[in-house]
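2 protein chains.
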Amino acid sequence: MRRTGRNFISMINPEDNKATPFIQRTTDYEPPRDLSHFFIGRPLATADAPHETIGKGVGLAIFASDALSSTAYATQEILVILAAAGTIAFGYVFPISIVIIALLAIVVVSYEQVIHAYPDGGGAYIVAYDNLGKTPALVAAAALLIDYILTVSVSISSGVAQIVSAYPQLLAFRVPIAIACVAFITVVNLRGVRESGAAFAIPSYFFIVIMFITIATGLFRAAFGLLGTVPDPPELEHIGEAIQGITAFLLLHAFSSGTAALTGVEAISNGITAFKEPRSRNAGVTLIWMAFILGFLFLGISYLTREIHAIPSETETVISQLARTVFDGRGIMYILVITGTTIILILAANTAFAGFPRLSAVLAKDGFMPRQLTYRGSRLVYSYGIVFLAGAASLLIIIFQASVTRLIPLYAIGVFLSFTLAQSGMARRWWKSGQLKNSDAQPEKHSHALKYEKGWALKMISNGFGATCTAIVMGVFAVTKFQDGAWIVLILTPILIGIFLLIQRHYLGVASRLSLEHYGEPPPYTGRHRVILPVSNMHQGTLAALRYAHMLSDDVTAVHVSMDPEETQRVQKKWGTWGKATRLVILDSPYRLFLEPLLGYIEEMIANRQANETITIVVPQFVPSKRVFNALHMQTADLLRKELLSKPGVVITDVPYQIP
Amino acid sequence: MRRTGRNFISMINPEDNKATPFIQRTTDYEPPRDLSHFFIGRPLATADAPHETIGKGVGLAIFASDALSSTAYATQEILVILAAAGTIAFGYVFPISIVIIALLAIVVVSYEQVIHAYPDGGGAYIVAYDNLGKTPALVAAAALLIDYILTVSVSISSGVAQIVSAYPQLLAFRVPIAIACVAFITVVNLRGVRESGAAFAIPSYFFIVIMFITIATGLFRAAFGLLGTVPDPPELEHIGEAIQGITAFLLLHAFSSGTAALTGVEAISNGITAFKEPRSRNAGVTLIWMAFILGFLFLGISYLTREIHAIPSETETVISQLARTVFDGRGIMYILVITGTTIILILAANTAFAGFPRLSAVLAKDGFMPRQLTYRGSRLVYSYGIVFLAGAASLLIIIFQASVTRLIPLYAIGVFLSFTLAQSGMARRWWKSGQLKNSDAQPEKHSHALKYEKGWALKMISNGFGATCTAIVMGVFAVTKFQDGAWIVLILTPILIGIFLLIQRHYLGVASRLSLEHYGEPPPYTGRHRVILPVSNMHQGTLAALRYAHMLSDDVTAVHVSMDPEETQRVQKKWGTWGKATRLVILDSPYRLFLEPLLGYIEEMIANRQANETITIVVPQFVPSKRVFNALHMQTADLLRKELLSKPGVVITDVPYQIP
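Going line by line, the protein sequences match chains A and B. The first sequence begins at 1 in my numbering and counts up by one. The second sequence begins at 1 in my numbering and counts up by one.
Any given hint might turn out to be false.
Below, simulated DSBU-like cross-link-like pairs (lysine-lysine); rule was C-alpha separation at most 30 Å, straight line [unchecked claim]:
| hint | chain 1 | residue 1 | chain 2 | residue 2 |
| --- | --- | --- | --- | --- |
| 1 | A | Lys573 | B | Lys573 |
| 2 | A | Lys574 | B | Lys574 |
| 3 | B | Lys626 | A | Lys134 |
| 4 | B | Lys626 | B | Lys647 |
| 5 | B | Lys276 | A | Lys647 |
| 6 | B | Lys573 | A | Lys642 |
| 7 | B | Lys454 | A | Lys642 |
| 8 | B | Lys574 | A | Lys365 |
| 9 | B | Lys134 | A | Lys626 |
| 10 | B | Lys134 | B | Lys573 |
| 11 | B | Lys134 | A | Lys642 |
| 12 | A | Lys365 | B | Lys134 |
| 13 | A | Lys574 | A | Lys276 |
| 14 | B | Lys573 | A | Lys365 |
| 15 | B | Lys642 | A | Lys365 |
| 16 | B | Lys432 | A | Lys574 |
| 17 | B | Lys647 | A | Lys580 |
| 18 | B | Lys573 | A | Lys626 |
| 19 | A | Lys647 | B | Lys451 |
| 20 | A | Lys647 | B | Lys134 |
| 21 | B | Lys647 | A | Lys626 |
| 22 | A | Lys574 | A | Lys451 |
| 23 | B | Lys134 | B | Lys574 |
| 24 | B | Lys642 | A | Lys626 |
| 25 | A | Lys432 | A | Lys451 |
| 26 | B | Lys642 | A | Lys642 |
| 27 | B | Lys626 | B | Lys451 |
| 28 | A | Lys647 | B | Lys432 |
| 29 | B | Lys580 | B | Lys134 |
Okay, the calculated beta carbon distance ranges per label pair [unchecked claim]:
| hint | chain 1 | residue 1 | chain 2 | residue 2 | range |
| --- | --- | --- | --- | --- | --- |
| 30 | B | Phe482 | A | Phe224 | 48 to 58 Å |
| 31 | A | Tyr205 | B | Ala511 | 25 to 35 Å |
| 32 | B | Gly245 | A | Pro168 | 26 to 36 Å |
| 33 | A | Ala631 | B | Ala180 | 53 to 63 Å |
| 34 | A | Tyr205 | B | Gly475 | 16 to 26 Å |
| 35 | B | Glu277 | A | Asp564 | 20 to 30 Å |
| 36 | A | Ala631 | B | Gly245 | 36 to 46 Å |
| 37 | A | Ala631 | B | Glu277 | 48 to 58 Å |
| 38 | B | Arg570 | A | Asp564 | 29 to 39 Å |
It is worth saying that the hints were derived from the structure and are not from the lab. Ideal Cβ placement from N, Cα and C applies to all residues, glycine included.
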């Protein structure tokens, strides 16, 4: 951590009421140096913040894990749909994969333009806000947040499916294993372990290399007729269902499932600032590399899957069938493939843990999400987003029983919704750029300075074509997958947008009601201050609280709720010795209730108080030497606070007493 | 709620330092009048509390739901085990049921004696503590707590299985439905809905009547040869497994599963105080009634199950198969049977929600569980136990996929462990009672006054025989069910006991370290009081906190963490107008961190403070008009409190400001 000296810039004597009395200091707190750096889209820190920028090699490893990992399940999900028309339909897996790769090319070309137009990082939310306005931006944001959750659920479920393929006896435990994986990632992220690029680079390149070897070996053996079909394949599930024909709907349905391969492609465009200068160029080149690797892996897997007659199954993944066919059984190479695939899937889930809080912070800054999320770098509040993400992903895993096939209908629709909005936004941007030739319109909210660019028309057409394609895919997806679960996303998205707008309305309302603009004179400062001190029994902590109470005011009343006459007698006796002649009120509570009589007494005090009288309730609080023992001590202050929150002029203070 | 007048019994002038200065009041707070009344074993309220006592008819309905509901699954669980030896083994279900009913008779005779010996209610924990000592008592307590959790899981799972039998299309959703049921009961209990006896009496009697009709009709039709076998029975699952022979182990295994029918029999002995006088006699008679009804239902179901060749299945319960065979299809009578069974199962789960906090309170009073649980009647803290119970039961439902068959191996072992300990305790008690003839030994901790009783030897033999039988059953259970899941309970029980002892050690240690016995003189009262006021921006809430800060001390320092230079300028300007010439320190935070710079500043103040100086941090806190909006405002005070808890002499106060 870089430490700067402290500078007292200015200190004005507070006695001069007209001048502004303040002392200024520069603090030396930097955010923790963890991976979140790489995923920060817009630099929210000051401009001179030292960025540890990365090259193309490390960048590929970091940003590609999400996209590349989807090859672990995309082919299989195409097969699952085709299975409804019998094994004969499995031959369509390769042509469908080619169409998906063509779509990949279109999306990549579009995102190349985003990268150059938004060198500070342009997520779909920012691009849409900038060029299309608030509502489309919120649609994109809602879709993206849902997708981050699904990225975790799908990636972890697929990772567990790989493990189960290798160790079938674990099948019954896949939900607990998946939850344990989520818990592991959550703990890693909560502790903010400072990962380096290497933590990502090694597993990513390991996966790429091992899959290249697998596919190359498979193609080589296939070319020489040495590749058989899957030995001892898993049984085709749902064999009892009515076999349907090979219809256009079925093929589109299978195509929709396969588009999961494209998830994660947008990651680089969000993280441009992490790259070395010239960052747009470097990010762009990395994106192209990634697209080629993704294309090769996906097509290779799909081609070989058809060759070896792999069967989609909940008990063994297609990757597992492929690996043990190519490498003749469950030897060392098989284990390496499964291990590499599992690790990259877990890494992909991990990236969502960085992306979710980042997007939340941007939304919070604009007032659409709880404002404390803007303190993104602070480890103390960062945890909310992580825990929420982990909880939501775990819930989905439980509901859908860690089945990738059941989760996938919810997945890609949000991705394509945000693709479409980002590309539409870009198209609109080029159009506006074209209009700027003769005018000087102001750039909008999030905008990177908009200026006239040559060739804007071609760029507009390119992004427009991308938007049209992804919109069509989204439509196909929504129709073919509606029944399977896409409806959940189609319902959730508007609900989320409603929540965003509600939160914004709340913040605007509070700001205007709390404003000092028309506040007039504040109430006078003098006023009575009454202190109430609940006393359960007499010990050193009670004395500390009593001492504090006397520091606040001369008007102190101690209150003891008597649930046990013997205990009360002991308290009274000790009060005579230690109570410093403070008034002690005993509240008899024959039913062993504690809080209700106390609350009743306090409320009576509140009802009878004078104008301008403040009441402070001082509660002794134990602090055990070990945090785990906290649960053994009543947090009376918290309970009182909850009950008395709505009463003006009542303050609850707990005086911590560290148990020696 | 009964209201009594308030009496000022005594008020001594606080100026007389020698006399005890206190005011005494009688408060009029009674615990909420909900069902927990009926389940209170020992009267913890004062002796003159007006008890709404119940007669035998209502008592049967209330206390029998747990025991009677187990007939809904006990027969089926016997069949599940017998299935391993093929359908031929199903014939053994009736003889096994007869042995279980013989065991029921033994247990009931034993509990008759508990009821008369402990007219104030004698749970296994109390009886064991009283007569066997601390360790056996904690064993019983651990077993009972685990069993309360399992009662919820098993009853709800069985209830959902009934629903699924009627509506097979819900099969895939049985886990979510079960969780929803738990959530429903939790909410009902958290709200403390004031149920009357009728809320229990109607469904219980409905179940008894409908099952009598079902069994009577079935027996009648069977007698005249008019009862066929189950039409279109569910498929026998695990048909692929190796069929084993009918071994002694298999029969004992099936018997163990069937003993689930005995769970809940002990409920009446815990709730004797709820009965009208002569309460021991009334409770005893009710127990006998319950045993007869339970015996008839269980034997009837088992007999007819064999007659109709019912098949144990996860998709359709035996009750459902029985009902549609007896009543020829899924007509109105079928629906009534399923409805009655489901409701009584849910009621049985509900009773655990009363029993769990009751036992926790007794344990907490003895220092083995967090002390706040003793404030049992208080709705504010009562909720901890309910939420914990709901969470644990839900977890089990998720892990075991709401399958009664998978849950049952964990279930009855705790029941029989506590049966054994209670009966052994009673036997020891009779022996001691016999020794009292010529001595006058003191009664022990929880003891209802022990005195010489005639016929103690016979009673001792009767309880001893009961203890021996239940101990044997427990052993059989542990051996036959060990692999199926009983090991979990056998591991959890000692862990729980360890936790109990750890908690007790903590309390004893804290009490001695906090004691005033050897404390000497308290530190002097005078001391400096420094107040720190974090200011994010200037609004009415800030002014309220500033006013409060000045009320506490003259030494007030406001601190602003500057994350946005424009915002900081605004704050400085407004501070000149509204800041009452208070010192304002600006902490620059270029990385938009908020808490870290603030904490650093406070820690510096703490490090540099004078001896005997107290630091209070006053934090403005918004209170939105609707509670749900709380999440949108940063709870800075809570975060600071967590971080600064271990620093002596630092108090964090939030000053609530109600947003108008």
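Checked hints:
no.	hint	result
1	A:Lys573 - B:Lys573	violated, 55 Å
2	A:Lys574 - B:Lys574	violated, 50 Å
3	B:Lys626 - A:Lys134	holds, 26 Å
4	B:Lys626 - B:Lys647	violated, 34 Å
5	B:Lys276 - A:Lys647	violated, 44 Å
6	B:Lys573 - A:Lys642	violated, 35 Å
7	B:Lys454 - A:Lys642	violated, 57 Å
8	B:Lys574 - A:Lys365	holds, 23 Å
9	B:Lys134 - A:Lys626	holds, 26 Å
10	B:Lys134 - B:Lys573	violated, 68 Å
11	B:Lys134 - A:Lys642	violated, 38 Å
12	A:Lys365 - B:Lys134	violated, 58 Å
13	A:Lys574 - A:Lys276	violated, 71 Å
14	B:Lys573 - A:Lys365	holds, 23 Å
15	B:Lys642 - A:Lys365	holds, 26 Å
16	B:Lys432 - A:Lys574	violated, 41 Å
17	B:Lys647 - A:Lys580	holds, 26 Å
18	B:Lys573 - A:Lys626	violated, 45 Å
19	A:Lys647 - B:Lys451	violated, 56 Å
20	A:Lys647 - B:Lys134	violated, 47 Å
21	B:Lys647 - A:Lys626	holds, 14 Å
22	A:Lys574 - A:Lys451	violated, 80 Å
23	B:Lys134 - B:Lys574	violated, 66 Å
24	B:Lys642 - A:Lys626	holds, 13 Å
25	A:Lys432 - A:Lys451	holds, 9 Å
26	B:Lys642 - A:Lys642	holds, 18 Å
27	B:Lys626 - B:Lys451	violated, 60 Å
28	A:Lys647 - B:Lys432	violated, 59 Å
29	B:Lys580 - B:Lys134	violated, 63 Å
30	B:Phe482 - A:Phe224: 48 to 58 Å	holds, 55 Å
31	A:Tyr205 - B:Ala511: 25 to 35 Å	violated, 60 Å
32	B:Gly245 - A:Pro168: 26 to 36 Å	holds, 29 Å
33	A:Ala631 - B:Ala180: 53 to 63 Å	violated, 29 Å
34	A:Tyr205 - B:Gly475: 16 to 26 Å	violated, 58 Å
35	B:Glu277 - A:Asp564: 20 to 30 Å	holds, 27 Å
36	A:Ala631 - B:Gly245: 36 to 46 Å	violated, 52 Å
37	A:Ala631 - B:Glu277: 48 to 58 Å	violated, 41 Å
38	B:Arg570 - A:Asp564: 29 to 39 Å	violated, 56 Å
In terms of the numbered hints stated before, the structure departs from hints 1, 2, 4, 5, 6, 7, 10, 11, 12, 13, 16, 18, 19, 20, 22, 23, 27, 28, 29, 31, 33, 34, 36, 37 and 38, listed from lowest to highest.
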